[in-house]
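Here are the chains, one letter per residue:
There are 2 protein chains.
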Amino acid sequence: MSKIVTDILLTKDPLSMNNVISKISHPACGGLSIFVGTTRNHHDGKKVVKLEYECYSKMAKKQIQLICDDTRSKWPDVQNIAVHHRLGHVPVMDMSVIIGISSPHREDAISASKHCIEKLKANVPIWKREIYEDGSEEWQENKECDFGKT
Amino acid sequence: MSKIVTDILLTKDPLSMNNVISKISHPACGGLSIFVGTTRNHHDGKKVVKLEYECYSKMAKKQIQLICDDTRSKWPDVQNIAVHHRLGHVPVMDMSVIIGISSPHREDAISASKHCIEKLKANVPIWKREIYEDGSEEWQENKECDFGKT
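Line by line, the protein sequences give chains X and A.
First residue of the first sequence: 8, per the working numbering; consecutive thereafter.
First residue of the second sequence: 8, per the working numbering; consecutive thereafter.
Incorrect hints may appear among the rest.
Derived list of chain X stretches under chain A, where covered just means 3 residues or more per stretch with a C-beta under 8 Å from a C-beta of chain A [stated by the list, open to error]: (1) 16 to 28; (2) 34 to 46; (3) 57 to 66.
These aren't lab readings, by the way, just hints derived from the structure by calculation.
A quick note: this is a predicted structure, and the numbers were derived from the prediction, not measured.
Virtual Cβ for every residue (Gly too), placed ideally from N, Cα, C.
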């Protein structure tokens, strides 16, 4: 199999699905599995207008790389992985995260991308603030995140 | 929840990921799960240059609609579903099928899109011909497809 690509991007710019597709597409692969997280317009009965994401980039990238390595160890046929996360303000319906994985057969791509998004939520220290229609805002604890917990 | 969208497309034109994203995106949804099938450059040791897909469109669309209905009955929180399948010649790396599903929470979108592609392979009568580098070609039985079997 040709050289594998692991493409990790943290950016304040809008995410590009075409960029992810171009990074993961590969002539030996028959399946791409992609998960996209987007900003919802409500949470716990409050109207959300946008989210704000912050992180310590160096640590977040290191954690994401570990997740990609772990994914490859579990699904060795995986070809390319792209994990793109937006930082800063993300309005309703905009994409905050795209995870894209290619593999020769679809089953591996689907299982691996599911694993990746679950691990990303659980292990990567990216914090989220909700900004509401009434002007108030609130940092949201990521209930799934174990990072830093003893 | 606002009006749901089920968008089924069979076309000889190249598929558009941006079209799928625009069909399934929804302000109440936090997760989009997308599967893409692409043409691989090899099969059983032979070099493939392109695939050709054929179907009886009316029957294929009916079967895809049944799969979408079944998916919604299993994951009632699913918002929008797009199933776009290309027909005719599909060169290596081009997309033959895109399945995109949105839902408020990611788990439903991921499980539902996996279900959809498995059912599509098993139940939709779309036939595939492989065209090889040496000029030969071969219809491929879809081993997963039960359509028409007694």
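May I ask which of the numbered hints given earlier this structure violates, with the numbers listed in increasing order? Hint 3 contradicted; others consistent.
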